[in-house]
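Add 2 to the 1-based position in the sequence shown for the working numbering, that's all there is to it.
Read the hints as simulated data drawn from the structure, not as lab findings. One thing to keep in mind: the hints can contain errors.
Capping the alpha-carbon separation at 30 angstroms, the derived lysine-lysine pairs in DSS-like fashion look like this [claimed, not checked]:
1) Lys107 with Lys213
2) Lys65 with Lys213
3) Lys303 with Lys65
4) Lys107 with Lys245
Computed Cβ-Cβ distance ranges for the label pairs, DEER-style [what the hints assert, rightly or not]:
5) Val252 with Leu139: 36 to 44 angstroms
6) Val224 with Ala64: 23 to 31 angstroms
7) Leu188 with Glu108: 19 to 27 angstroms
8) Leu188 with Glu243: 23 to 31 angstroms
9) Pro42 with Gly288: 23 to 31 angstroms
10) Pro246 with Phe57: 47 to 55 angstroms
11) Thr227 with Gly274: 27 to 35 angstroms
12) Lys303 with Gln69: 25 to 33 angstroms
13) Leu187 with Arg307: 37 to 45 angstroms
14) Ala194 with Gly104: 43 to 51 angstroms
15) Ile94 with Val224: 19 to 27 angstroms
16) Leu141 with Asp106: 49 to 57 angstroms
17) Pro182 with Gly43: 23 to 31 angstroms
Virtual Cβ for every residue (Gly too), placed ideally from N, Cα, C.
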Amino acid sequence: MSETTHDGGVAVSAAPSPDDGLSPAELAAKYGLSVSGARPGLSEYVRQLWGRRHFILAFSQAKLTAQYSQAKLGQVWQVATPLLNALVYYLIFGLILGANRGMDKEVYIPFLVTGVFVFTFTQSSVMAGVRAISGNLGLVRALHFPRASLPVSFALQQLQQLLFSMIVLFIVACAFGSFPSLSWLLIVPVLALQFLFNTGLALIMARAGAKTPDLAQLMPFVMRTWMYASGVMFSIPIMLEGKPTWIADVLQWNPAAIYMDLMRFALIDGYGSENLPPHVWAVALGWAVLVAVGGFVYFWKSEERYGRG
Numbered sequence: 003m004s005e006t007t008h009d010g011g012v013a014v015s016a017a018p019s020p021d022d023g024l025s026p027a028e029l030a031a032k033y034g035l036s037v038s039g040a041r042p043g044l045s046e047y048v049r050q051l052w053g054r055r056h057f058i059l060a061f062s063q064a065k066l067t068a069q070y071s072q073a074k075l076g077q078v079w080q081v082a083t084p085l086l087n088a089l090v091y092y093l094i095f096g097l098i099l100g101a102n103r104g105m106d107k108e109v110y111i112p113f114l115v116t117g118v119f120v121f122t123f124t125q126s127s128v129m130a131g132v133r134a135i136s137g138n139l140g141l142v143r144a145l146h147f148p149r150a151s152l153p154v155s156f157a158l159q160q161l162q163q164l165l166f167s168m169i170v171l172f173i174v175a176c177a178f179g180s181f182p183s184l185s186w187l188l189i190v191p192v193l194a195l196q197f198l199f200n201t202g203l204a205l206i207m208a209r210a211g212a213k214t215p216d217l218a219q220l221m222p223f224v225m226r227t228w229m230y231a232s233g234v235m236f237s238i239p240i241m242l243e244g245k246p247t248w249i250a251d252v253l254q255w256n257p258a259a260i261y262m263d264l265m266r267f268a269l270i271d272g273y274g275s276e277n278l279p280p281h282v283w284a285v286a287l288g289w290a291v292l293v294a295v296g297g298f299v300y301f302w303k304s305e306e307r308y309g310r311g
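Produce the entire structure from the sequences given, and follow the hints as far as they go.
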């Protein structure tokens with residue numbers, strides 16, 4: 003295309019582009035382009051996550067090793083911290099407030115230590131999940147990988163830490179008369195169900211924490227309230243005797259109490275099935291599946307927004 007200028011010369015203008023007038027979406031479709039970091043389908047996402055399983059395991063082990071690298075006692079704090087917490091709770095709740103009501107010392111001390119260790123597993127998984135994305139933005143923005151790898155890895159880190167601490171828990175149980183028996187085999191399914199539950203919670207909190215980083219400041223108060231409502235330091239049926247039945251039912255059926263009671267039932271000889279709510283295994287499985295699947299889908303739906311803005 004040409005036109006005459008004011009001095010008599012001829013100027014040639016560029017031919018119109020065949021892409022003129024096309025929207026960005028139409029341009030992308032025309033040239034086969036896709037959104038960077040777009041969310042894949044759910045089955046494809048699961049496949050990608052499974053493909054990163056070695057990274058997830060290595061990352062969790064590295065985080066576990068580095069957690070106490072600056073402390074002189076190193077990994078000893080993995081066990082010392084929950085034990086010291088249990089000692090404080092025993093002094094305050096067991097000796098002063100009488101929260102050991104209805105239980106002998108040989109039952110109450112393993113009961114308390116088990117509760118502290120098991121609840122700490124959930125608490126640490128939730129707190130790590132809140133910071134899984136917001137605390138690793140450099141990694142999220144630099145590399146392309148399924149973002150669920152991070153909260154899953156942090157939940158796995160807490161599982162490894164609990165497994166290390168279980169040695170001390172076994173010693174405490176034996177010291178107060180609960181020796182290894184067939185019931186100890188129940189520890190494996192209890193931990194498996196709780197790990198699924200914790201992973202789902204970590205995924206939910208990772209998405210929430212990525213959008214609202216201030217959530218990390220609020221969660222310690224939420225977790226402390228949950229701990230006091232879950233019977234870590236006392237038996238819920240005994241302490242709420244004479245109260246409306248529905249209150250004890252609500253507290254006993256909350257997942258933290260369910261997994262603690264199942265672990266106590268497996269470990270402690272004097273803690274029998276009469277202390278468990280009905281259909282406890284079905285409830286434990288239901289909580290694990292519901293939160294794990296729901297948390298995974300909830301996290302996946304926001305996959306393409308992590309690390310942006």
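Hints violated by the structure (listed by number, smallest first): Of the numbered hints, 1, 14 and 17 do not hold.
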